[in-house]
Amino acid sequence: MDLAFTKEEIAFREEVREFFKNNVPPETRRKLQEGRHLSKDEMVTWWRILNKKGWGVTHWPKEYGGTGWTTVQHYIFNEELQSYPAPQPLAFGVSMVGPVIYTFGNEKQKKEYLPRIANVDDWWCQGFSEPGSGSDLASLKTTAERKGDKWIINGQKTWTTLAQHADMIFCLCRTDKNAKKQMGISFIVFSMKSKGVTVRPIQTIDGGHEVNEVFFDDVEVPYENLIGEENKGWDYAKFLLGNERTGIARVGVSKERLRRIRALASKVESGGRPVIEDPAFREKLTACEIELKALELTQLRVVADEGKHGKGKPNPASSVLKIKGSEIQQTTTELLMEIIGPFAAPYDEHGDAGSNESMDWTAQIAPSYFNNRKVSIYGGSNEIQRNIISKAVLGL
Amino acid sequence: MDFDLSEEQRLLKESVDGLLADAYDFDARKKYMKEKGGWSKALWGKLAEQGLLGLPFAETDGGFGAGAVETMIVMEALGKALVVEPYLATVVVAGGFLRHGGSAEQKAKYIPGIIDGSKTFGFAQLEKNSRYDLFDVVTTAKKKGDGWVIDGEKFVVLNGENADTLVVTARTKGGQRDKAGIGVFLVPADAKGVTRKGYPTQDGLHAADITFTNVEVGADAAIGDPENGLPLIERVADEARIALCAEAVGAMDESLKETVEYIKTRKQFGVAIGSFQSLQHRAADMFVALEQARSMSMFATMASDFADAKERSSAVAAAKVQVGKSLKFVGQQSIQLHGGIGMTMEAKIGHYFKRLTMIENTLGDTDYHLRRVSEGGGLLA
Chain R
1 MDLAFTKEEI AFREEVREFF KNNVPPETRR KLQEGRHLSK DEMVTWWRIL NKKGWGVTHW
61 PKEYGGTGWT TVQHYIFNEE LQSYPAPQPL AFGVSMVGPV IYTFGNEKQK KEYLPRIANV
121 DDWWCQGFSE PGSGSDLASL KTTAERKGDK WIINGQKTWT TLAQHADMIF CLCRTDKNAK
181 KQMGISFIVF SMKSKGVTVR PIQTIDGGHE VNEVFFDDVE VPYENLIGEE NKGWDYAKFL
241 LGNERTGIAR VGVSKERLRR IRALASKVES GGRPVIEDPA FREKLTACEI ELKALELTQL
301 RVVADEGKHG KGKPNPASSV LKIKGSEIQQ TTTELLMEII GPFAAPYDEH GDAGSNESMD
361 WTAQIAPSYF NNRKVSIYGG SNEIQRNIIS KAVLGL
Chain E
1 MDFDLSEEQR LLKESVDGLL ADAYDFDARK KYMKEKGGWS KALWGKLAEQ GLLGLPFAET
61 DGGFGAGAVE TMIVMEALGK ALVVEPYLAT VVVAGGFLRH GGSAEQKAKY IPGIIDGSKT
121 FGFAQLEKNS RYDLFDVVTT AKKKGDGWVI DGEKFVVLNG ENADTLVVTA RTKGGQRDKA
181 GIGVFLVPAD AKGVTRKGYP TQDGLHAADI TFTNVEVGAD AAIGDPENGL PLIERVADEA
241 RIALCAEAVG AMDESLKETV EYIKTRKQFG VAIGSFQSLQ HRAADMFVAL EQARSMSMFA
301 TMASDFADAK ERSSAVAAAK VQVGKSLKFV GQQSIQLHGG IGMTMEAKIG HYFKRLTMIE
361 NTLGDTDYHL RRVSEGGGLL A
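The listed protein sequences derive, respectively, from chains R and E. Everything in the first sequence is counted per the UniProt record's numbering, starting at 1 for the first residue and increasing by one. Everything in the second sequence is counted per the UniProt record's numbering, starting at 1 for the first residue and increasing by one.
Check each hint, because a few of them may be wrong.
Said to hold, decoys possible - With a straight-line cut-off of 30 Å between C-alpha atoms, the simulated DSS-like cross-links for lysine-lysine are:
| # | chain 1 | residue 1 | chain 2 | residue 2 |
| --- | --- | --- | --- | --- |
| 1 | E | Lys119 | E | Lys143 |
| 2 | R | Lys391 | E | Lys310 |
| 3 | E | Lys36 | E | Lys192 |
| 4 | R | Lys391 | E | Lys264 |
| 5 | R | Lys195 | R | Lys181 |
| 6 | R | Lys21 | R | Lys31 |
| 7 | E | Lys310 | R | Lys284 |
| 8 | E | Lys128 | E | Lys192 |
| 9 | E | Lys257 | R | Lys238 |
| 10 | E | Lys128 | E | Lys179 |
| 11 | R | Lys62 | R | Lys52 |
| 12 | E | Lys173 | E | Lys143 |
| 13 | E | Lys179 | R | Lys284 |
| 14 | R | Lys391 | E | Lys13 |
| 15 | E | Lys46 | E | Lys119 |
| 16 | E | Lys257 | R | Lys308 |
| 17 | R | Lys284 | E | Lys348 |
| 18 | E | Lys36 | R | Lys391 |
| 19 | E | Lys328 | R | Lys391 |
| 20 | E | Lys36 | R | Lys284 |
| 21 | R | Lys308 | E | Lys13 |
As the list claims (entries may be wrong) - Derived CB-CB ranges, DEER-like:
| # | chain 1 | residue 1 | chain 2 | residue 2 | range |
| --- | --- | --- | --- | --- | --- |
| 22 | E | Lys179 | R | Thr6 | 55 to 65 Å |
| 23 | R | Ile202 | E | Phe306 | 48 to 58 Å |
| 24 | E | Glu153 | R | Thr70 | 52 to 62 Å |
| 25 | R | Thr70 | E | Ser278 | 57 to 67 Å |
| 26 | E | Ala180 | R | Glu15 | 37 to 47 Å |
| 27 | R | Glu18 | E | Ala104 | 25 to 35 Å |
| 28 | E | Asn228 | R | Lys52 | 54 to 64 Å |
| 29 | E | Glu35 | R | Leu241 | 25 to 35 Å |
| 30 | E | Glu375 | R | Lys21 | 31 to 41 Å |
| 31 | R | Ala263 | E | Glu375 | 57 to 67 Å |
| 32 | R | Lys238 | E | Ser278 | 19 to 29 Å |
| 33 | E | Lys179 | R | Asp2 | 27 to 37 Å |
| 34 | E | Ala21 | R | Asn106 | 48 to 58 Å |
| 35 | E | Lys179 | R | Pro279 | 53 to 63 Å |
These aren't lab readings, by the way, just hints derived from the structure by calculation. Using N, Cα and C, we set each Cβ at its ideal position, and we do this for glycine too.
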């Protein structure tokens, strides 16, 4: 047992840090530090820089553009990316649909989609949740009916993140109404520009526009856009969600935020002294740092385990990462709220797009606090994670 | 980075788990606790036979030269079995003082007795007003000729009643809370002027309050620098805290197992109570708490070899905070999920709860260590 990084791993970390220092656009970094939203252009520009370096789809198999890194290298890369901070690769393409396509798709699909995902030539969004299907995803009602060499798709998806930017969607659709609910679902991909697709924004409590409702009204999709086998979509969805959970601890993000909290708390005064000198505040901050250190090590244990036993099955211990990771992220936004106190109140209506630079760093703190309530809800709510632990780990 | 145990470490784990599975079920423990002194000499002999008492000592001193990971493995196993024998006081603490501060003569005089199981120790550190501050020492050691005269009172000395030798912290210079001027002394428990008042502790161990009145010891009683012993005391205390974290992880692990087993079999309303989601989620939260504690126990174990004492202390304090929080939650909820039976002396689960609770209050509780990390500038700094 040796929890220190090897010399090679430390050298790798230096290489990654150096690359971020020289290549992440400073404005992009600043916006992330302040919890602002990035424009589509800013994100795509950065992802193409990463892809040019060969780091766009690091964890994919080498033949599709992956790096062949060890699990520890992947860990270091993600940790450094999050804590620099720089935008993480677009999960919907790189972490979700990409692996489904190279694992279950045919050669034509691999050729057609994978390079475009890597270079974000297509922006992908995820068509899973529906108004009546949240945690109970398998109850979804959107249908795809076969008609000759086409699918006819009807229904509604919701919570579709950044669909306003999307070129493509991967969608779970019911293709067999008579089968048991998990058995009649297929995984179909299609263009968001198709006739009959309507995107309606949902404004969230922070005032932002990240998520959308997406309506399908007799959308015609070529039959060949089916990924894998008909009615096997639930298996692919489970595979995809398992991949999602391992990255969800977001240790680097919380680390960066804790550093920012310490810096801000040294500047902002309360009761005639910097907030950081208030023992009650400082102990809350320290307690959060300790929780995060524990989580970081728990994550490394899961990572090391995957490195040994292969990725195949998602490790149920990754539910611990989701629960603790989201709680810690939420705590960091609470600490930021405590630092600014009454100055949390002013609301910048235009702040979300990042277009209004007139308000200083305080503008995004309350919105970020409100917005972060989502992290214990999405990706399988924390209650669902507890179900997973109690069943898959404890055997209850 | 590597979380795996080596082949030798795996064998060690199997052998200590195996020994305790055979010799240390709940009924055996009750029997051992009734023996003279409150623990089993025969079991102690078995630990010696398997080499567990000699693990951390250098091969040149007759030991096995094992490291912090091996101690973690043993302490976790002792925690699982709720072992009452004085491993912490003797091997970890007294052994630690001898290994890190002992002269060649002291090592030769004391270590063989630890390894063969013939001698046990107690760490006389806590004073009436010192609470968790290791540097808060009123007990004095005054120079007399070549040797020393020790005067003072020490409390809750684990294994103090049975120990052959006491490791005593005493002030050689300065005021009550000065960091300089503290020495560490080896005092035979039967020395003239040593009075021991023994008693059982809440968690089934034994301790003693000890008075030292004009206790004369030789020059060779002092371990390390008698005027600047605090760094040594802090190092050994950190090793003891690391060991306690591992012991707590073992006890929590077993508490959770017992609790899950119980709610799978206990039926109410015609079904196993473990089928109720409120109980399932509580158990899931206990698992989360346990895994977070296990991670920090490993972190602290690795930190024991940090060259920088401040970094080491901060890591160990952070681990004690996480373990303290986790053990409180796992301990309390184990009782809650057991319901009434968890309140009884006859059920094992309550004994885990009591041991876990006492671990929190040994060598600094959660708040104490949180303050230490906080005042030291946090953990990310």
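Given the hinted pair E:Lys119 and E:Lys143, is their alpha-carbon gap at most 30 Å?
Answer holds: E:Lys119 to E:Lys143 is near 28 Å, not above 30 Å.
Just tell me: holds or violated, for the beta carbon distance of E:Glu153 and R:Thr70 against 52 to 62 Å?
At roughly 57 Å between Cβ atoms, R:Thr70 and E:Glu153 fall inside 52 to 62 Å, so the hint holds.
Mind checking the alpha carbons of E:Lys257 and R:Lys238 for me, to see if they're no more than 30 Å apart?
Holds, because 29 Å separates the two Cα atoms, which is no more than 30 Å.
Can the restraint linking E:Lys128 and E:Lys179 be considered satisfied, given a maximum Cα separation of 30 Å?
Answer holds: E:Lys128 to E:Lys179 is near 18 Å, not above 30 Å.
E:Lys310 paired with R:Lys284 [C-alpha distance capped at 30 Å]:
holds, 21 Å
Status of the given 57 to 67 Å range, CB of E:Ser278 versus CB of R:Thr70:
violated, 41 Å
Sort out whether R:Lys308 lies within 30 Å of E:Lys257, counting only the CA atoms.
holds, 26 Å
For a C-alpha distance cap of 30 Å, please report whether R:Lys62 and R:Lys52 respect it.
Distance of about 15 Å is within 30 Å: holds.
Would the pair E:Lys173 and E:Lys143 pass a check requiring their Cα atoms to be no farther apart than 30 Å?
holds, 10 Å
Hinted pair R:Lys391 and E:Lys310, Cα distance within 30 Å:
Violated - the C-alpha atoms of E:Lys310 and R:Lys391 are around 42 Å apart, more than 30 Å.
Is the straight-line distance between the alpha-carbon of E:Lys46 and that of E:Lys119 30 Å or less?
holds, 14 Å
Against the range 57 to 67 Å, how does the distance between the Cβ atoms of R:Ala263 and E:Glu375 compare: consistent or not?
Violated - the Cβ-Cβ distance for R:Ala263 and E:Glu375, about 18 Å, lies outside 57 to 67 Å.
Checked against the numbered hints given earlier, this structure breaks hints 2, 17, 18, 20, 22, 25, 27, 29, 31, 35; the rest are met.
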